[in-house]
Structure formats: structure tokens, C-alpha cells
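Quick mapping for you: the protein sequence lines, in order, are chains A and B.
All residue numbers for the first sequence refer to this note's numbering, where the first residue is 1 and numbers rise by one.
All residue numbers for the second sequence refer to this note's numbering, where the first residue is 1 and numbers rise by one.
Just so you know, the hints here were simulated from the structure itself, not pulled from any lab data.
Warning: the hint list may mix true and false statements.
To be verified - Derived list of chain A stretches under chain B, where covered just means 3 residues or more per stretch with a C-beta under 8 Å from a C-beta of chain B:
hint, region
1, 43–50
2, 98–112
3, 123–135
To be verified - With a Cα cut of at most 16 Å, we get these calculated EDC-like pairs of lysine to aspartate or glutamate:
hint, chain 1, residue 1, chain 2, residue 2
4, A, K165, B, D212
5, B, K270, B, E234
6, B, K193, B, D212
7, A, K132, B, D25
For each residue, glycine too, the CB sits at the ideal point set by N, CA and C.
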Amino acid sequence: MDDLNLKRIALKIREGIIDGVYSAKAGHPGGSLSAADLFAYLYFEEMNIDPKNPQDPDRDRFVLSKGHTAPGLYAALAHRGYFPVDDLKTLRHLGSYLQGHPDMKCTPGVDMSSGSLGQGISAAVGMALGAKLTGRNFRVYTLLGDGEVQEGQVWEAAMFASHRKLDNLVVIVDNNGLQIDGKIEDVCSPYPIDKKFEAFNFHVINVENGNDFGQLRKAFSEAKSVKGKPTAIVMKTLKGLGVSYMEGSIDWHGKAPNDEEYAVAKQDLKKAGDILG
Amino acid sequence: MAEIKKIATRESYGNALVELGKKYDNLYVLDADLAAATKTNIFRKVFPERHIDCGIAESNMMGVAAGLSTTGIVPFVSTFAMFASGRAYEQVRNSIGYPHLNVKIGATHAGISVGEDGATHQCNEDIALMRTIPGMVVINPSDDAEARAAVEAAYKYDGPVYMRFGRLAVPVFNDNPDYKFEIGKGVVLREGKDVSIIATGLCVSASLEAADKLAEFGISAEVVNIHTIKPLDEALIVEEAKKTRKIVTVEEHSVIGGLGGAVAETLSEKCPTEMLRIGIKDLYGESGKAVDLLKKYGLDFEGIFSSVKEFVKR
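Based on the sequences and whatever the hints tell you, model everything.
And the structure:
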């Protein structure tokens, strides 16, 4: 898919995030928006998947370790054809299959239940090891928050993944710089994130702008060529990207827009769509 | 009288894994640097390529097992009960229990019979922790024969299973041709009319011995082996309550939330009955020889005998 079409998809994902979170009157728009381009890239370009056969044993896997950004994942899955886009409005509603955090048992296309930070990466590591042990060629992708890497389990998983030489594993860190209590470097700095993964014997790729498809494409194709070790892609992003008042703002980590704010958000996204044509 | 054969159920676990490993090539064993103690080294010797040492990182090990299970592998995750149920509780709950993944947890060194290592390693809370996880099967086998049967049943069951094994060699009494293991089915081992002793794990054989001594004092005790704490054989528990009207639970576990808790929950709703819970009384263990500790904490046959005798008399 060319960059223009990926941009259009990313915009639809952003609309899905805003519609879902607005309808739920709760949820996490900021980190969903910062990763919207990554979701678009993975589900529309990178991953070997088939929405008609979501349990294909040979499919690539994605584990959303930062599970609170489920609205972004759900929007990507819906637009990729796993379930109706209209259902995004049932996010977090009683009885909906779109739970506050991903539930593999009830949502088509979700490869792992996640949400408790630090746990998804271990499951992704297990999947990647499973591919090696069962002689399958699928690749495993997992997305972590930059605050999430404060969890010790992330480093247990990283140590194990490189020890097992899991070159079919790509760990992506969404470095939007903000967590609930403030800037990550003020709360409890995980920097330098790249050097830490390097020390854990990962092949590390820094992406200056994780909201740019050209840069994402370059990083993921480099990851594919790596042999004998897992890859970590540390991508700088802008939290809340696409909605003017959410961009770079700590306030929109886990809050839904009210009616007026929703209207502004929709207008922002429509304008961006008009520019794309 | 012939010497009674004694085997630690952790050893049974290691041996059972080898037997099952021969039959099923999707069985893998995970350990966290304790293979010599959990006895998965018996499996490692035969199937080194199917033994995955995760290092001293139990939380990650549980997640790795969860991921492996989604690829058709049946992982048996092994470490001490303290770390499996305690340190990694939330990983077991959220990464294994919530998605109901096909992961088997072999937790060794449960209870105070860990012995000399002392309180930090003597887990008396694991049954309570594990049985609150929806969909988790919790099995506490009483001897070698039962432990091996439990491991096979766990492999054949589709979903998460927690198995509790001990470090101390315990008498083998289920090794007869009629022995059958069924998840969730209690076993009446001895008929009696004055009191029902409902026991689990290594307390079962001690309870049988206690029943012999109670008989000498004119007390007829029924002895029931509850190897599966969850799902609990509620029908049998209620039947016992109706039959003897006096229920004693015996376990090498806290009296809070374990077998005693589970039985009390069932009976208080379905057949309120006078009860005595024998177990570890809301306190930590300590260093010592396993047999001395069991005696000190009233879990040897004499301790069980005197507690039951007093309970029946009152």
C-alpha cells in the first residue's frame, strides 16, 4: 500500500478511536492516536494476516502489550475487515465484545488478552519461541508504551528473547514521552531506552518519527533482515496526534472528549482528510 | 510388616512428565532455575530439547507459557509454589487464567514440609490464591500414584491447571489396580459414622493413620481424599455432612481459603454443619526438619488424632 493510502487508513483509525472513546465516555485516546500510524502500517502493510481466517496457525501475530490503547487496535481490526466498523461505538459498553482492554476470547483478530502492563511482551516472546519450536515461519510484533518499560517483567522478557535468539520477534516502543503522572523522564526515567535494549542484545532501530510511514517502512524492512537476535524499534511519536487539543497533552491519556470537544476532534480529522483528498 | 514405600510428589511429577513426554511430542517443560529441585531435570535428561529454562524470572515464564500455548504447545510450567502462585499470581490470573489458556502449572515445595528453608519458601497460601481464579483447576495429590495420574489428567484437560507437589517423601497408598483419578471427584477411603475427615495432599495418609487410632478410642471416622480443591466435589462434601454431621478438614495450607475454606463455603450454604479446620493457623512457618514441623503444627497423625478426638467429644 502506498503512503497516501496508509495515511487515509490511519485517519480512519483515528476517527474510530475518537468515535469509540466518545461513545464509551471513557478510554485512552492519547496513546491510541500516537500509535495509529503504526497500527495502520502493521495491519495494512507489514503483517501476513487474513481477516477471513483469524486463527490461521501460520499468521503473523500482534500483541498489544500497552493494552489500554485498545481503541486504536480495534479501529485497525475493524477497518481491516475483522468486524463491522460500526461496532467501534460499542467500545467498553456492557455486553460488547470490545472490552476496555483486549480480550482474545471474544474479539476476532486479537491474538492475546492484555492490559496489565509488562505482560504482553512475555506472551509475544512465547509465541515467537513457539514458532521456532513448531517449525513455523510467522513473525510476532508487540507494542509497548514508553512508560510500560518501567515494568521489570519487560526486561525479564527481553533477556529471555535475546538468549533464545528470537529473530522473528519485533518489540516496538511507542515513545510519546508521556505517562499518567507526567513526563516519563520526570516520573521515573526509562531513558536511554535504545541503549537498554542494546544491552539486552537486541538489534535496535531508532525511528525519529514513528508517525511517518517512510520511516516505519525503512525500520520494519531492516528488522526483517536481522538474524540471530530480536529487534527493538524505539519510535518517537506525538501523543494525541491528529486531534489539535490532545497533541502533546498529558490530560488526554485516559479521558473521553465531551460533546464540544468531540465536535472539534471530528472537525480536525475531517480537515486532515480534505487535505489528503 | 513391610516397609511402606515413600516418594515425594515432586519426584512423581518429574517421572510423569517423562512418561507423558514419550507419548506426546507437544509437551514442553518450563522451569526457572530450579530443575534439580522441581525434578524437571528428570525430564530434561530424556528430552533436553523440550526443556526450557527461563532463568530466575517466574513472571516472564508464565507469560512465555501463555504465548507458547497459543501455538499448540502444552507447557508445564515448574517452580516452587511460593513463586508460581505468589510472585507470578497476576501473570497467572491475567495472562493464563483470563484467556483460559492451556497452561499447566506444576508447583513444587508447597507447605511447611519444605523444611529447613523456612518461612520465605513455605507457601501455605497457594490453594487459596489459585482457586479464586475463574476457570482454574486446582489439584493437590496425596501420593505418588495420584500425582502421576493428576499430571496425565492435567495434560488431557483443555485449560489451565494448578498442581501442588511436595518436597517430602510421603507414603504411597493409592498404588492399587482399582485406583482411578478423575478431576473433581473425591474419594472415600475409609467408611465411618461419627465424623468425616476430609483431607488433601500429604495429610490424607496421616488422616488414615489418625482414623486407625481414633477407632481404638471408639471413634468411627470416615476419611475422604479431596485431591481436587477446584472444582470441588460438593455433592460428596454435602453427603458427608448429612452422614456424620461432623466435618473436619485437614490440609498442609492456611486454614484460610484452602480446603477448609472451600468446604466451609459449600456447607454453610448447602448443609450447615459443625466443622473443624485443621491446617496452618494464619501464621508463617519456620526452619526445621519437615517431619518435626508437621508435628509442631499439628499435621502429623498424632496431631490430627488429638484434634479430631477433642472435636468429636465436645
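Results of checking the hints against the structure:
1. Counting residues of the region 43–50 of chain A whose beta carbon lies closer than 8 Å to any beta carbon of chain B gives 0, which falls short of the minimum of three for the stated coverage.
2. For the region 98–112 of chain A, the stated coverage by chain B is satisfied: 5 residues place a CB nearer than 8 Å to a CB of that chain, which reaches the threshold of 3.
3. Evaluation of the coverage hint for the region 123–135 of chain A: fulfilled, as 11 residues show C-beta separations to chain B shorter than 8 Å, against a requirement of three.
4. For the given pair, A:K165 sits about 58 Å from B:D212 by alpha-carbon distance, which is inconsistent with the 16 Å threshold.
5. Proximity of B:K270 to B:E234 is assessed by CA-CA distance (about 9 Å); at most 16 Å being required, the pair is judged to hold.
6. With a C-alpha separation of about 14 Å, the suggested pair B:K193 and B:D212 falls inside the 16 Å cut-off, and the hint holds.
7. For the suggested pair A:K132 and B:D25, the alpha carbons sit about 15 Å apart, so the restraint of at most 16 Å is met.
Checked against the numbered hints given earlier, the structure breaks hints 1 and 4 and satisfies all the rest.
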